[in-house]
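Student: So you can see what is in the structure, the chains are spelled out below.
There are 6 protein chains.
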Amino acid sequence: MARQSGISEAVLSGHTADIYFSRTQAVLRAEGLDPVVTMEIFPNDAGILCGVNEVLDLLAAVLPTGGEVWALPEGETMAAREVVLRITAPYSAFGLYETAMLGMLSQTSGWATAARACVEAAEGIPVISFGGRHVHPHVSARLEYAAIVGGCAGCATPAGAELAGLQAIGTIPHAMILIFGDTVEATLAFDRHMPAEVRRVALVDTFKDECEESLRVAEALGRRLWGVRLDTPPERGRVTPDLVKELRVRLDQAGYPWVKIIVSGGVDAARIRLFHEQEAPGDLFGVGSAISSARPIDFTGDVKIVDGQPIAKRGRIPGMTENPRLRRVDLSEVKQGIH
Amino acid sequence: MARQSGISEAVLSGHTADIYFSRTQAVLRAEGLDPVVTMEIFPNDAGILCGVNEVLDLLAAVLPTGGEVWALPEGETMAAREVVLRITAPYSAFGLYETAMLGMLSQTSGWATAARACVEAAEGIPVISFGGRHVHPHVSARLEYAAIVGGCAGCATPAGAELAGLQAIGTIPHAMILIFGDTVEATLAFDRHMPAEVRRVALVDTFKDECEESLRVAEALGRRLWGVRLDTPPERGRVTPDLVKELRVRLDQAGYPWVKIIVSGGVDAARIRLFHEQEAPGDLFGVGSAISSARPIDFTGDVKIVDGQPIAKRGRIPGMTENPRLRRVDLSEVKQGIH
Amino acid sequence: MARQSGISEAVLSGHTADIYFSRTQAVLRAEGLDPVVTMEIFPNDAGILCGVNEVLDLLAAVLPTGGEVWALPEGETMAAREVVLRITAPYSAFGLYETAMLGMLSQTSGWATAARACVEAAEGIPVISFGGRHVHPHVSARLEYAAIVGGCAGCATPAGAELAGLQAIGTIPHAMILIFGDTVEATLAFDRHMPAEVRRVALVDTFKDECEESLRVAEALGRRLWGVRLDTPPERGRVTPDLVKELRVRLDQAGYPWVKIIVSGGVDAARIRLFHEQEAPGDLFGVGSAISSARPIDFTGDVKIVDGQPIAKRGRIPGMTENPRLRRVDLSEVKQGIH
Amino acid sequence: MARQSGISEAVLSGHTADIYFSRTQAVLRAEGLDPVVTMEIFPNDAGILCGVNEVLDLLAAVLPTGGEVWALPEGETMAAREVVLRITAPYSAFGLYETAMLGMLSQTSGWATAARACVEAAEGIPVISFGGRHVHPHVSARLEYAAIVGGCAGCATPAGAELAGLQAIGTIPHAMILIFGDTVEATLAFDRHMPAEVRRVALVDTFKDECEESLRVAEALGRRLWGVRLDTPPERGRVTPDLVKELRVRLDQAGYPWVKIIVSGGVDAARIRLFHEQEAPGDLFGVGSAISSARPIDFTGDVKIVDGQPIAKRGRIPGMTENPRLRRVDLSEVKQGIH
Amino acid sequence: MARQSGISEAVLSGHTADIYFSRTQAVLRAEGLDPVVTMEIFPNDAGILCGVNEVLDLLAAVLPTGGEVWALPEGETMAAREVVLRITAPYSAFGLYETAMLGMLSQTSGWATAARACVEAAEGIPVISFGGRHVHPHVSARLEYAAIVGGCAGCATPAGAELAGLQAIGTIPHAMILIFGDTVEATLAFDRHMPAEVRRVALVDTFKDECEESLRVAEALGRRLWGVRLDTPPERGRVTPDLVKELRVRLDQAGYPWVKIIVSGGVDAARIRLFHEQEAPGDLFGVGSAISSARPIDFTGDVKIVDGQPIAKRGRIPGMTENPRLRRVDLSEVKQGIH
Amino acid sequence: MARQSGISEAVLSGHTADIYFSRTQAVLRAEGLDPVVTMEIFPNDAGILCGVNEVLDLLAAVLPTGGEVWALPEGETMAAREVVLRITAPYSAFGLYETAMLGMLSQTSGWATAARACVEAAEGIPVISFGGRHVHPHVSARLEYAAIVGGCAGCATPAGAELAGLQAIGTIPHAMILIFGDTVEATLAFDRHMPAEVRRVALVDTFKDECEESLRVAEALGRRLWGVRLDTPPERGRVTPDLVKELRVRLDQAGYPWVKIIVSGGVDAARIRLFHEQEAPGDLFGVGSAISSARPIDFTGDVKIVDGQPIAKRGRIPGMTENPRLRRVDLSEVKQGIH
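Chains as they are written, first to last, in our numbering: chain G, 1 to 339; chain R, 1 to 339; chain B, 1 to 339; chain P, 1 to 339; chain A, 1 to 339; chain C, 1 to 339.
Just chain G, same shape as in the assembly (with noise of 0.2 Å):
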């Protein structure tokens, strides 16, 4: 993950920053002010918590020796208002850097969260982010990232399973099958040229009846098919769980139990259930707006302590906050790579 511990400079530089924190910056260094202070952060609500490795690269690019930091490891749950972050250190090394702190941990652990509710209703049958294509490229691998901390299977695009440590998974698009023509054909074409490790999954619905389609590139590739995929429009009525079930039968009556039934399509935690109790699961299913549409969970950092005073503003409580789950940071080690 060498990578990903590559903080941008324009984060490292404050552009992205909150300019308030700049203009800080500024006047206490005119006025010669640099305590050491005590910043907590913590959720407004309850999750998994995402984004944490991120901030301790940060951290450890940027914070002197003798800086401390504790934390809640990435994936955990976090409880509404628990505090999953505390640094000690001199101001000037990383007030600037709270709001690009907040962010790395607002937008990713949102996605976590999602993703683990879709995990959790999908009772064990695999679930593969599909979303990448909501959200602008830039964040696009770190929001499949925060997917697969959130419990899923595996992820669309190259750079988001790099960031995760595995291998992109893919099948074939409409547009694919759109320049062939004909379902079958993408398929066969699909198969003669694409190494052998990689899975063959035909998506059945865009010319023919679903079950029609299903049937002919089973017939065409044989056991080579490890699976169909159904991904009905909404002005088809979307796949049903009846769909699932039926080409289940389908298949296994032509003599096809071995392909599987991939099902995707504004697939969410509601639906997944809804499958679950209509007995008609599929083998995988594909989650986009789902997981990438989560709003983001705020996160607030507070300063508690300065130069050893305790302090708060209105509305919190001064001091620190006790937190038995918090884990004591070796920034020496994030910095090679060691989370």
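Incorrect hints may appear among the rest.
To be verified - Label pairs and their in silico Cβ distance ranges: (1) P:D252 / G:E279: 53 to 61 Å; (2) B:A30 / P:P64: 54 to 62 Å; (3) A:D182 / C:E9: 29 to 37 Å; (4) B:E219 / R:R325: 17 to 25 Å.
No wet-lab data here; the hints were simulated from the structure.
Glycine included, C-beta positions come from ideal geometry on N, C-alpha and C.
Got chain G sorted already, so can you dock chains R, B, P, A and C onto it with the hints?
Tutor: Frame of chain G; chains R, B, P, A and C shown alone:
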């Protein structure tokens, strides 16, 4: 906006693309297929279109001569399922970028649309985007840019302000006041060291009653005080319309009618309307989560013509969709930074 | 309509009457009582009046000379608690038939009212009643008749069509296509053997994608194809407005603009409005349960005058209720089949 | 039940069938096709199965030797989409009767299911069906029969009682009391002329306060009075639990503890539960609309095997559906009236 | 209204005041402090102002010469948080009475506001307050007075009527009829012994059906009968609009068109509107709980000026609140009973 | 409680009675009728019985020897429609007082029941009634008494405390602090002049932030400070659980752990539960409107026996209602003040 047009290598290389698009390119190449296709892109919900300029930068960088692009302008309103972008070119030139193009549009259009809702509720009172801290620093500038496309009057990060061609706006953070231990001391230090063109805005909810603190800083800075910012935390009941009205009267009674009131902390369109209804709008709204947590608006890209033949997957209409609002884009101008 | 006026022996004998009416007749006879009474019949809810012609047939068969009957015409709107029928005659002549008269009115008025709701929602698109299969065959013709009184343009059973003076309308059942094993084969066979005046309407959701199948039958029958019927089952998402719009375009693009689209399967007034809102009404609606499962509209018969004296039970107003909409009925004409 | 098995000529001739079934028979005959098919019939909702005996009478009349029928028994509970009837025979023998068979099952199962809900709510207090007046006299006997299959203890029409093998039950109608002009006079006349085995039940809400009238008839008839019926109209607040409780006490205080209380008028399952909760159930419930206005339960007939080959339309599973609850029916016994 | 101005010794002595006001007086006296203060009193909700005359009586009894009082008149509408009373005087003169003044206003304004809602719903039909029995006899006269301030045409208690300058209104209680054992006997006795100016109104729901009883008393009293009162208890379905309509017709048919109908028992504004909608308003409404159970409208007293200096607690605006609707009160006139 | 038993002349004279009771007495007297009657009194809703002692005082004053009274004790729970009081005596002795007796019970039982709900929610934290200011001073003592019967630990007015046999409880009003112009000054003055047994409780939301003010008064009074009262107005977000928690910590951190926290301002049972849920209950709750605005619980008085004969109006059961919870009351003891 030279910076904006710099499409990153990760995007250009397909590293952030769903992997099946790379595989499609490989298969088509191996089959010797490269038809001219027309792809149409449309949103699933109505809103404010954002990100199209960045997509055009990408297309200007990759499309060959002869590629034809029609688009709605940045910042336009768009209807649900209205085609906002139509590309006609050899598929090999742009098929790989479907993920990136949709992502550029989806997330920023979601933000711009949410910003517009706040701006409309504010009925002329300026709205500033303060939400950079809720998203990853890699996209915080895009968020700020989208907020301004949606109608915001300013934003907090230099990176976002640069994208939008403005100056960043900021006050004083709680952390600085906590370090000084007194709001007046912190504000006076800010006043001593900041250039004249930076507005003096005191944050008045840190230690004392907001009205008491406002009068203290007004007395200390006099005419140099541009305004005060109310950011009362939820633990203390947030900023209420009554507080704004009371503070206005107390400032006026004490002889500080020029001091403006900035309202922040959990502000959204519904709450802005409430301030208006109770005739306590203040002079500026600072909005964070209400913009930064907006759902992406999903966009879809459909291949509609292949080598001149109308085609479509099930559920869609084959062939070109009429939309007289689209304008032909001159990509050579885009390359020169003209949008 | 000679058939309609044939009141069955089971009704005339009192076999279908609530037994206390037979006993009442016996007691009154034993006591030597037979006053002239005025009975008024009114519905508990507003709706479309149906069944009154059948009631008049019954009264024409049983009332002595001098009996006086006032009624609203078949198919009129009626208000809640509006008197729709007033009978003045010796009680012994008609008291036994209260159960039958109320039943004739209640159930068919419920059906006619539901049919009217669909017809009004359809705004001129014809609606056909297909609901015979949800009611007992002894009343299915009455259901079809009531649907037509309510405004339907046709019905599916010969018995119902005969009552209403029309021809039955039908397409092709799923069973026939399953026996032929192919939609085109079945439709061609239908075309070979049916008389010219029977419209050729193919059912296109049995085996293949509805659009694909529609184009296949259109190619096979050409100008002889009058229309296609969409009846997609709930397991496949039912018929959606988008499907109708897509099919219309695909038929037109392929050169079959004359082929009409019939929409059936779970169609009710709300859904008809949805098709209109989405500008996809099709050319004909087939409605089943939305009419056949309508609640009967309860009717009540009140004795209001006995031998010239106004009277009423508690809760009702004694004496005749004014209703200028009522028309005096000539029962001798009714006997001749004139309504 | 000889009467029940008399399937009418209108049904046998196909006159009540959807016309496309007649046309299908004609086409198949012209094509020389008559495969052996298996059709399965299932309800769309759970409930109480009714009408299956009448369907078996029909099948016994039309199926050739060798036809095979499996069914659930009359009055059984059935799950949604559970196969309740399976027919295997040449299609020409029974295809025409799909409309009639579904109709026989749908409407009566709806009624039986609604009756069961009332009977269960009554927790042992007998429920009598009084709803014949809300349906056409051609099916009122079927309604009464279905109510008894659903658990009712009796019904009001002789025709319905005959179908169910019982005696009809009745009290005194308002019309008779209005003709006599006094409840006591009417009840005494009834008592004078009715055979001893008919229960004397006075209707006590016509002219006077219900309690006052009850005491008057009790005084007049003494031990011969079996019960009183409360039928207070909605204009006077309907029968309330408090009225039942008060009447019980007043009858007991006045020395008529044997007089039973029958509750009627707008009674449904929810209201029966209310009487129980308030400890005022009375001795008998008369139920009308709550049963007679029940929605038919839609049934569907699917061809699942054609000449030994599993088949199904889209959305359904090809081949026979396992259901161990089905019992093989001996049609020769059915012909002899044994169900 | 000499009686009203008699402020009780318990109030004047501070016995009914919150004890901290007595203590405040003691502390201020001990400290030698007695500033002139301005106190403003406002309601938290909109409504009808009541009780201000009694407050003025209190102030007239305690304020020294020079005390200044501005007020809205009794019975005026008031907006939420509108200042309705402003007192300027030495604090020692009236500070002790804050509890009493607020209490006089709160409870009676709540009642007057509820009365107004009923009166407005009645659209001209007179409304009489019958709610004295739901409040303690020490305030029942205040309740009746407030109801009349709110627009009621009369009340039931002599004490309340005296406060309002009217005569009490009454009919006959159930207890009297139960003692006589017959409604007609009781009403005739009432007629024999009551002075001529007392209206004869029979209560007709005690023993018999309301219509039957009404006709009996009408026959017995003839032209001397002014009206009948319907008070059917909830156990018998309360008074329904249908009952009023039926009774009107039966009285008219029997030749008693002059007999008025009074509706009581659970009447509130919503129910009054229902009677109007169903065109059965009767001639008079008797309202109890709908007025007597009204929530008090909380009033608050704020010190806004102390010795000429504007001041206010947090949350309130320092200094005098403009309200051009206030009128200067001449306390010397108040002492003479002039309001 | 000698004071309580002093029934006022206005009650004894019938001046506060509904006038029809006076007229009834006149008519019965004129007719020479004075039967011994049994009247039963019951509430329409469940709750806490209050006011029965005052009713007994009244009965002790008016009933002749031989009058018999059964009652539930003051403060008992009572079921809806449970008889709580039964009086047997000549009607002339008590009929006039029906209005007064019902009123004494209705309003105070409503208050006691609401108080009980708060006390139960508080789970042992004491609740003080502060609602005297929302009701007329003629009943404010009755309100306070009822609150204590319902379980409150104290009340604010001396009159109410006297009725309940307690001492009134109070802190410092906003008015006093506004007059002193500083919370610390006001509290020190209070401390100087109040007797030692009066608890020193500072009101801390008048001028400054509540926590800042609390620390200031704690420093000024030290160990003499018993507690602080939070009464933050709605304009500033009311008292939140977070504020209580924060203040507790800040007091403890500053070395004032003995200072108690009193919570007031819009406190009701739901809000008390919220404080418990968030683990911030404080040490005392001050409750106003939640008790004082409780609806009266309507009580009804029914004559059930007249001269030994069971009787009742329609809707009620004639004769005595069994209730083994009732206790025979010795009125001679009541006259001596023994309840």
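Student: So, for every hint listed, does it hold in this structure?
Tutor: Going down the list of hints, with the structure as the test:
1. P:D252 / G:E279: 53 to 61 Å: 57 Å, holds
2. B:A30 / P:P64: 54 to 62 Å: 55 Å, holds
3. A:D182 / C:E9: 29 to 37 Å: 36 Å, holds
4. B:E219 / R:R325: 17 to 25 Å: Given a distance of about 37 Å, which is not inside 17 to 25 Å, the answer is violated.
Comparing the model with each numbered hint stated earlier shows that hint 4 is the single one that does not hold.
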